[in-house]
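Trainee: Residue numbers for the sequence shown follow my numbering, beginning at 2 and rising by one.
Keep in mind the hints are simulated off the structure, nothing from the lab. Quick reminder that beta carbons are idealized off the backbone N, C-alpha and C, glycines included. Heads up, some of the hints might be wrong.
[Claimed, not checked] Estimated spans, in silico, between C-beta atoms of each pair:
id, residue 1, residue 2, range
1, Asp20, Ile66, 13 to 23 Å
2, Met40, Ala64, 32 to 42 Å
3, Asp38, Leu14, 18 to 28 Å
4, Pro32, Pro74, 16 to 26 Å
5, Leu14, Arg45, 18 to 28 Å
6, His13, Ile66, 15 to 25 Å
7, Gly7, Gly71, 28 to 38 Å
8, Ile66, Val8, 29 to 39 Å
9, Tyr24, Asn47, 14 to 24 Å
10, Arg31, Gln68, 29 to 39 Å
11, Glu36, Pro74, 29 to 39 Å
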Amino acid sequence: MLAEDGVTVLLHLRGRTEDGVYYSGYEEFRPGDPEYDEMLPAARENPISTEEPERPVDAATLAAILQDSGLDPDEFTKE
2 MLAEDGVTVL LHLRGRTEDG VYYSGYEEFR PGDPEYDEML PAARENPIST
52 EEPERPVDAA TLAAILQDSG LDPDEFTKE
């Protein structure tokens with residue numbers, strides 16, 4: 002998909018590691034990177050959505066997930 006900057010191509014990666022940990026993320030491609038020119042037309046047809054989700058993230062659930070993963074929930078809720 003095409004990032005908000007209109008130039009960066011984001012390739013969604015997801016899967017499971019050999020030790021059973023699931024992951025989800027993006028690989029970024031910029032002009033000059035291998036395969037960028039081939040991916041750009043498809044990315045332009047699929048821009049990243051900037052719309053608010055229909056169901057917002059529940060703050061208590063997010064805090065519990067972050068705490069369970071060893072992260073400080075306060076670092077993600079500061080504005």
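Trainee: Next step is simple, just say for each hint if it's right about the structure.
Mentor: Against the structure, the hints:
| no. | hint | result |
| --- | --- | --- |
| 1 | Asp20 / Ile66: 13 to 23 Å | holds (20 Å) |
| 2 | Met40 / Ala64: 32 to 42 Å | holds (36 Å) |
| 3 | Asp38 / Leu14: 18 to 28 Å | holds (20 Å) |
| 4 | Pro32 / Pro74: 16 to 26 Å | violated (38 Å) |
| 5 | Leu14 / Arg45: 18 to 28 Å | holds (20 Å) |
| 6 | His13 / Ile66: 15 to 25 Å | holds (21 Å) |
| 7 | Gly7 / Gly71: 28 to 38 Å | holds (36 Å) |
| 8 | Ile66 / Val8: 29 to 39 Å | holds (32 Å) |
| 9 | Tyr24 / Asn47: 14 to 24 Å | holds (21 Å) |
| 10 | Arg31 / Gln68: 29 to 39 Å | holds (35 Å) |
| 11 | Glu36 / Pro74: 29 to 39 Å | holds (38 Å) |
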